[in-house]
Amino acid sequence: MPPPDPGAAKAAEAVAEQVFTALADPTRRAILATLAADGPATATDLSGRLPITRQAIAKHLALLTEAGLVTAEPGERRRVRYRLHSAPMQVAKQFLAALARDWDGPLAALQSHLDKAKDNDQQKEGDTQ
Amino acid sequence: MPFPDRIERTVELAHPPTTVWSALTTSEGLSAWFGNEASVDLRPGGKAWMKWDHGHTADMRVERIEEPAVFGFTWHINGLPQEDPRRTYVEFTLEPTTTGTRLTVVESGFAQLTDDAHRKAYNDNTGGWGSELGELAAYLDAAA
Numbered sequence: 000m001p002p003p004d005p006g007a008a009k010a011a012e013a014v015a016e017q018v019f020t021a022l023a024d025p026t027r028r029a030i031l032a033t034l035a036a037d038g039p040a041t042a043t044d045l046s047g048r049l050p051i052t053r054q055a056i057a058k059h060l061a062l063l064t065e066a067g068l069v070t071a072e073p074g075e076r077r078r079v080r081y082r083l084h085s086a087p088m089q090v091a092k093q094f095l096a097a098l099a100r101d102w103d104g105p106l107a108a109l110q111s112h113l114d115k116a117k118d119n120d121q122q123k124e125g126d127t128q
Numbered sequence: 000m001p002f003p004d005r006i007e008r009t010v011e012l013a014h015p016p017t018t019v020w021s022a023l024t025t026s027e028g029l030s031a032w033f034g035n036e037a038s039v040d041l042r043p044g045g046k047a048w049m050k051w052d053h054g055h056t057a058d059m060r061v062e063r064i065e066e067p068a069v070f071g072f073t074w075h076i077n078g079l080p081q082e083d084p085r086r087t088y089v090e091f092t093l094e095p096t097t098t099g100t101r102l103t104v105v106e107s108g109f110a111q112l113t114d115d116a117h118r119k120a121y122n123d124n125t126g127g128w129g130s131e132l133g134e135l136a137a138y139l140d141a142a143a
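Chains as they are written, first to last, in numbering that gives the first Met the number 0: chain U, 0 to 128; chain P, 0 to 143.
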């Protein structure tokens, strides 16, 4: 098992931070959720689907593009379409995995299993004597 | 505060290391406290798995065996796609004490990033479409 690479860990942290920052804002969450649910869309499409001005959407899309959470691609009639970019989400998921990992539960279960097994053994010994 | 790459817990158990070792490294032991079902091929590189009644399965690969002191395995990072190659390393260390065993579990590798994921997370966008779109817009403006 190679030792953890501090550079990579730091890079992962930077990516995750951008994801969590993006998700902390309800408007950006709505934009990302819409792109995830309905696929790539232009700023105009999004302003039709969300109760937010096109201007505000454009501002958030610029931030999300900068953070690498959406990618801009050429669409029809010179309109830029935005697509959800999932790689940073995978990185953020790793951090959630660390937070969601529960060792306390299993270790408590191990402790009570061992104690119970010992009690049973002692009881069995008592029975045969 | 950086995100945790490793998680460490220590518990004092009132049982000798050999008893704890069996609970950690055998199918019978693991299925009694960790999974609902378990199977262990106890040799370096051996496959092991645990299944839970709610449907979750953990596939493990045995990495380190120093009976009855160190047991290490790797497993898939929960929540990442099944095809993702990244795994965390779990190592149990058993130290004899006057009252039984001090058991330490360390799980590390949560913050690892493959070169591939690193490239994807960073470079896809920064160079890619952003600048190309700028060039496209400039080209179209010039043509108009």
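Simulated from the structure, these hints should not be mistaken for laboratory data.
Note that the Cβ used here is the ideal one computed from N, Cα and C, for glycine as well.
Be aware that one or more of the hints could be misleading.
[Claimed, not checked] Stretch by stretch, here's where chain U covers chain P in the computed footprint (C-beta under 8 angstroms, at least three residues): (1) 5-16; (2) 37-43; (3) 68-81; (4) 102-109.
[Unchecked claim] Not the full set, but computed from the structure, chain P residues with beta-carbon under 10 angstroms of chain U: (5) Phe-2; (6) Val-19; (7) Ala-22; (8) Gly-28; (9) Lys-50; (10) Ile-64; (11) Thr-87; (12) Gly-99.
Legend entry - Hints violated by the structure (listed by number, smallest first): Violated: hints 2, 9 and 10.
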